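S.K.: Going down the list, the protein sequences come from chains A and B.
Taking this note's numbering, I'd label the letters of the first sequence as residues 1 to 110.
Taking this note's numbering, I'd label the letters of the second sequence as residues 1 to 111.
Don't read these hints as lab results, they were simulated from the structure.
Among the clues, some could well be false.
[To be verified] Mimicking BS3-like on lysine-lysine, the simulated pairs with C-alpha atoms at most 30 angstroms apart in a straight line are:
1) K71/B - K56/B
2) K80/A - K42/B
3) K98/B - K80/A
4) K56/B - K42/B
5) K79/A - K42/B
6) K79/A - K71/B
7) K42/B - K98/B
[Claimed, not checked] Just a sample of chain B residues kept apart from chain A, beta carbon distances all over 12 angstroms, derived:
8) D17
9) S19
10) I34
11) P44
12) N67
13) T93
14) S100
On a predicted model such as this, the values are computed, not experimentally measured, just so you know.
By construction, the Cβ of each residue, glycine as well, lies at the ideal position given by its N, Cα and C atoms.
Listed below, chain by chain, are the residues.
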Amino acid sequence: SQTIHQWPATLVQPVGSPLSLECTVEGTSNPNLYWYRQAAGRGLQLLFYSVGIGQISSEVPQNLSASRPQDRQFILSSKKLLLSDSGFYLCAWSHQLARYFGPGTRLLVL
Amino acid sequence: GESVGLHLPTLSVQEGDNSIINCAYSNSASDYFIWYKQESGKGPQFIIDIRSNMDKRQGQRVTVLLNKTVKHLSLQIAATQPGDSAVYFCAETPDDYKLSFGAGTTVTVRA
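Construct all of the structure, not just a fragment, from the sequences and the given hints.
M.R.: And the structure:
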């Protein structure tokens, strides 16, 4: 069966510091991969998606970037965090239409 | 613009009763819909999906109904249990890569 991992689970970072969140998927190959952000009490906002290694599509202009160095690895990065980057970051995978989400990383920027 | 929304932000249900969670969508081009359950501090969990060529689909203790005429989606949970307490999201897919989520309904099960 497929499993999706995210780490770290929780992160507290100062404003202006860099960020790297990692997501890996097991039990499948060539998945579509996604990064979402969820603000407190709100729905999910799609940030990036990838249909293959090195292929990244950005949905909203922002302070973040994504990379896919391997088939089942998706990384979310920032060079300098802003206060507004705080939130719950979710990685997801799909082969068709349904998305399957990871456990999430809660990021607090102070 | 297009949006997906839930009718009520909160729902309180007596344990053992049936729950009905509603969702309205506005994108007539969407042909696939999903219900997710999200417990506090966790990622959304896939519950059930339905394509637009169907009007009903059943899973284990859950049923999704789709009314395309009025662009309405509902999730019915039979014999609600304490473990069903969570936030429930409906989502629609207007294209292959975009999944539009509503803000969610918080379901609280009373013992």
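S.K.: Against this structure, judge whether each hint is valid.
M.R.: Taking the hints in turn, this is what the structure says about them:
| no. | hint | result |
| --- | --- | --- |
| 1 | K71/B - K56/B | holds, 14 angstroms |
| 2 | K80/A - K42/B | holds, 26 angstroms |
| 3 | K98/B - K80/A | holds, 27 angstroms |
| 4 | K56/B - K42/B | holds, 28 angstroms |
| 5 | K79/A - K42/B | holds, 27 angstroms |
| 6 | K79/A - K71/B | violated, 42 angstroms |
| 7 | K42/B - K98/B | holds, 21 angstroms |
| 8 | D17 | holds, 25 angstroms |
| 9 | S19 | holds, 20 angstroms |
| 10 | I34 | violated, 6 angstroms |
| 11 | P44 | violated, 5 angstroms |
| 12 | N67 | holds, 20 angstroms |
| 13 | T93 | violated, 5 angstroms |
| 14 | S100 | violated, 8 angstroms |
Of the hints listed earlier, those the structure fails to meet are numbers 6, 10, 11, 13, 14, in rising order.
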